[in-house]
Amino acid sequence: DVKVTQSSRYLVKRTGEKVFLECVQDMDHENMFWYRQDPGLGLRLIYFSYDVKMKEKGDIPEGYSVSREKKERFSLILESASTNQTSMYLCASSSLGGEAFFGQGTRLTVV
Amino acid sequence: AQTVTQSQPEMSVQEAETVTLSCTYDTSESNYYLFWYKQPPSRQMILVIRQEAYKQQNATENRFSVNFQKAAKSFSLKISDSQLGDTAMYFCAFMKHDSGTYKYIFGTGTRLKVLA
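Taken in sequence, the protein lines are chains A and B. Counted the way the working numbering counts, the first sequence spans residues 1 to 111. Counted the way the working numbering counts, the second sequence spans residues 1001 to 1116.
Simulated from the structure, these hints should not be mistaken for lab results. It is possible that some hints are incorrect.
[As the list claims (entries may be wrong)] Here are the simulated DSSO-like pairs of lysine-lysine, each with C-alpha atoms no more than 30 Å apart in a straight line:
1) B:K1096 x A:K71
2) B:K1078 x A:K3
3) B:K1073 x A:K57
4) B:K1096 x A:K55
5) A:K3 x B:K1096
6) B:K1078 x A:K53
7) A:K3 x B:K1113
I would like the entire structure built from these sequences, with the hints used as guidance.
Okay, here's the thing in structure tokens:
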């Protein structure tokens, strides 16, 4: 059974903290994505990566960075968490031209 | 820029009835893929159905089928014999080739509730 696993389902952090969200996939996929999901806004792409050490900005990269040191792992970093980054974060992976497989999501609350 | 529009934020349907969820998209590309994803209350997003733009035949997966109108840029999802387990958020998505790889653009979603 193919899997995309996110390290936490729920996370509460304080304003100004550095936050790491981890995502691991076991399908040897080239592409990995981080989305943010907010009510009424759907899924918005933060960053994506098409290869190890490669990254591209999505539609809303401000306040975020990413790291992909290994093919199976894609990390999202909030350099200094703010309350407006409270949201659901979804990680996904895909092969080239294939469907996206999603993790279970991380509900992040910044207080 | 490509966009995906789902104009129905919420819908409800009686169990065993049929419901259609709407999706329109905007693109200048000729080759692309379209998807419907389902996100049940437990949050794991899963693929429902996929359509390649070069195929004229509408995709079907058991009770789920699409009405793909390429000229009109419309991609609706029909759920037949609705079941309580179909209650979920449904997202329409467009996949495009960009920067040497593929990106997915999602609509804002339709929350479907199946009523007993």
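_Does K57 of chain A sit within 30 Å of K1073 of chain B, going by the straight-line distance between their CA atoms?_
27 Å, holds
(request) Take the C-alpha atoms of K3 of chain A and K1113 of chain B, compute the straight-line distance between them, and say whether it is at most 30 Å. (result) 27 Å, holds
For K1096 of chain B and K71 of chain A, compute the direct alpha-carbon distance and say whether it is at most 30 Å. Holds - the C-alpha atoms of K71 of chain A and K1096 of chain B are around 22 Å apart, at most 30 Å.
Between the alpha carbons of K3 of chain A and K1096 of chain B, is the straight-line distance 30 Å or under?
23 Å, holds
(message) Please verify whether K1096 of chain B and K55 of chain A have alpha carbons no more than 30 Å apart.
(response) 17 Å, holds
>> Check whether the Cα positions of K1078 of chain B and K3 of chain A lie no farther apart than 30 Å.
In response: Holds. K1078 of chain B to K3 of chain A sits at ~28 Å (cutoff 30 Å).
task: Assess, step by step, whether the Cα of K1078 of chain B is no farther than 30 Å from the Cα of K53 of chain A, and give holds or violated.
output: 41 Å, violated
Violation of the numbered hints given earlier is confined to hint 6; every other hint is satisfied by the structure.
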